[in-house]
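For this one, chain A is given, so just place chains B and C on it according to the hints.
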Amino acid sequence: MTPIPFEQTLILAAILFVIGLAGVLARRNLLLMLLSIEIMLNAAGLVFVAGGSRFNKPDGQVMFLFILAVAAAEVTIGLALILRQDHCARTLDADAADRLRD
Amino acid sequence: MNALLWLIVGLPLAAFAVLILPGRAMGARRSGILGTGAVMLSAAAAAVVSVRFLRTMPASGHFTAPAWQWFASGGLAVQFALRLDALSLAMVGVITVVASLILLYSVRYMAGEEEYCRFFAFMNLFVASMLLLVLADDLLVLYLGWEGVGLSSYLLIGFWYKDEGAVLAARKAFTVTRIGDTALLLGIVLIAMRLGTLRIDTVLAAAASTWQYGGALPLAAALLLLVGALGKSAQLPLQTWLPDAMAGPTPVSALIHAATMVTAGVYLIARMHGLFELAPVAMRLVAILGAGTLLLAGAAALGQSDIKRSLAYSTMSQIGYMFLALGAGAWTAAIFHFVTHAFFKALLFLAAGIVIHSLHGERDMHKMGGLRTRLPVTFAGFTIGVCSLAAIPLVTSGFYSKDLILSCVATSPAGGTLLWTCGIVGALLTALYSFRMLFLVFFGERKIEPAPEGGLPILLPIVILAAGSLTLGFLETPRGLGSVALFSNMVKDVLGAPASIPVSGLFRGAIVLFAVSATLIGFLGAWLIYLRKRSPIMSLSSVPLYRSARELANRGFGFDALYSAAVVRPFTWLANSNKADFTLVYPAIIARFAGAGALLLSLTQNGKLRLSVMGIALGAGLLIAIGIFS
Amino acid sequence: MNVLFLLAAGAAVVSTFVAITRSNVLHAILYLIVSFASIAVIFYLLGAPFIAALEIITYAGAIMVLFLFAVMLLNLGGGAIDQERRWQPLAAWIGPAIAGLLILGELLHILMRHWPVGKSGTIVPSVEVGRLLFLRYFIGVELAAMLLLAALLGAGRLGHRSRITPEQRGSGHDADSL
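Protein chains in written order, with the numbering used here: chain A, 1 to 102; chain B, 103 to 732; chain C, 733 to 910.
Derived by calculation from the structure, the hints in this document are not laboratory data.
Check each hint, because a few of them may be wrong.
Stated by the list, open to error - Just so you have them, the derived chain A footprint on chain C, three or more residues with Cβ under 8 Å: (1) 755 to 764; (2) 775 to 783; (3) 834 to 847.
The beta-carbon is built from N, C-alpha and C at its ideal position, and this holds for glycine as well.
So that you can see chain A by itself, here it is in the shape it has in the complex (with noise of 0.2 Å):
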């Protein structure tokens, strides 16, 4: 297959990261902001794995499977604490949990 410039991946790393983040900043669903950081967290894996190509060592896919361990167990804790926050709180809204003010 034909290479590809590593350019082009980078720009599209960069993209999706940027739709992750605007999903964080604009969703007020708990759910769906852990969903856009999975997004963000994938785009950057991809950055990795494009890098560990371009230079030909096989480094920058270790990367990525640690990036991958890591949103496992992110995954894993955010959602047990989402359905913790349901269940007390009964509600999915992220600026309802405004107690920590001033």
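Leaving out everything else, chains B and C in the frame of chain A:
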């Protein structure tokens, strides 16, 4: 010898270090033994040193015990060293003996005090500092001891720190003597700058060779040293702190404010007499201030009701005599009077302490009376002390020393008739007020029942001091009465013989006669006024002029009021008006600004998660932008 | 082939964009799975087949399925979609859009300034990945394992349901055992 000299200073200092730490944990018995024992051992060391020194007098007349170099910078090298010569020997002997006796007395006198240990610690600090002062080889070491005694005095006057009067008195003492200390330091700096050294004998030699007689430099240095001496010795115009310092415990008054610290000024001038001889104006000033103080204090003592204040004014007056002698160039006479005065004044204070104690804290002499049968030993001691103070002829030491001063003042070229007359009037006043004290306290009808006298530790020092007051005079008797010159022979290498214009034996006899008659007139006056039942005082006290004169004398002739109005009040007014400083506006503006900013920023803390995330995102954007554009 | 890459990239971007704008959470998750699949294709094109497989298996297969389970457990009900619509007026997108475009602009600017040269696409065999993983980065593997263990324990503890009756369910109070 080296080690012994350092032991003399070191033992009380070590006792202070040990006693100050445990506080109340160390029992009363132990602190008493340690505190008194240290000074007694120091006295023993001093005795050994004196015997050795007098027996094998070194050729130069002095002995130096260096320890280490303190510092050497900017052309000035200061050695930490002790120097022993006849003058410091006399001082050390008096200080250690009197201090041991007073500390022995305090063991029983201060018993039952809560802070017993602290008392002995501070007394030892004082003794160590005073010994350092008189044994110092270098002016800076002397200043170290000088400050040390000032500090101990403050700590001891304010010993009963829960009493507001005592604390204020301690502060007053420290502040007033501070004025003197600053002048002394300036004088030391001047000497160091101009003569390049601070070792005392080098300074004196260099001053004699490089500075002109009557020149401006020796005058300036001598005047600065003089002001320092005035502060510490409570002479005019820095005398206001001494009467108030009687708020401290009686042993403190006896040791510090009668026998030793207040005589530090006398020692300083005597030690630096070579410098003073180069500045006749300064010497004249010394004599004038001494004469003025002795008259003022003598008159003030007549108007006091408090027995300790009366003794304080008496001390002031006697030191005035010493200053008078110094001003007339009679260095030996001044030091001799210091020796005798230390003994009889300490005796008087300790006896007064017994009186106050047995009358359960009563200090007003007019409320006392008729104690001579109940407190016999105290009465005997007090009487001997009073006789010595009033210079009763032939039997008391005070007579010999005061007579020496008066004859030196009369015959010295730096003295003169006016000064001598002041001395004679002062002798009359002295006899008057001292016998007044005796008659008021011990004679007349008994108004308060006294508790019995204390035991051996209290009475033994009285006995020893009384013996000293009677016999020490015989060290130096005038020509017509035996011509003993033991004291002056000992110190003549250091202090020299006083210059005197040649006078006939008749003149000398006349001087002695005048002095004796002044004493006797004073005694008679006191007898007539205070002892007789229908005394003229009773009728006089209805005259308002007499009353106001007596008030004035009681207040020390208004010096306190003067200083309060001229110095204290403007100063406190200035400090108070500075409270609402206009420059405080600027910090207030900053504070206001910071408060408003904080209020503004707190709006961002609304607890919303998405706001924080937005903040992070924008912050990241900002950082990247900075990275791009820099 | 480049065409394949462009197609996959386009699919990823579009599906991600659509995913974050859905009112129905389930739809969003499904669209995201499509996006991850496209990215897996891209990984394959970049010469990392192992990672491509992992993307499908773990990311799309495990993590997204976890999300689905969570949505199931939440038992949201019909009113949820309307609620989402209410929460997401168009105005809410202005700020995030600006922030996102700002950062995108900056990243592109950096990219354009230091235009990277090089082509990616050579296959790095998985054997190499495995060798590296277990020789040089084995500590990382251990740590990742410990992390996952911690996550497991935490989630187990957090998810523990205390026995409170429906009456005792308060409104917004902090629960007892957390």
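Going down the list of hints, with the structure as the test:
no., hint, verdict
1, 755 to 764, "holds (count 4)"
2, 775 to 783, "holds (count 7)"
3, 834 to 847, "holds (count 6)"
Going down the numbered hints, you'll see the structure goes against none, and every one checks out.
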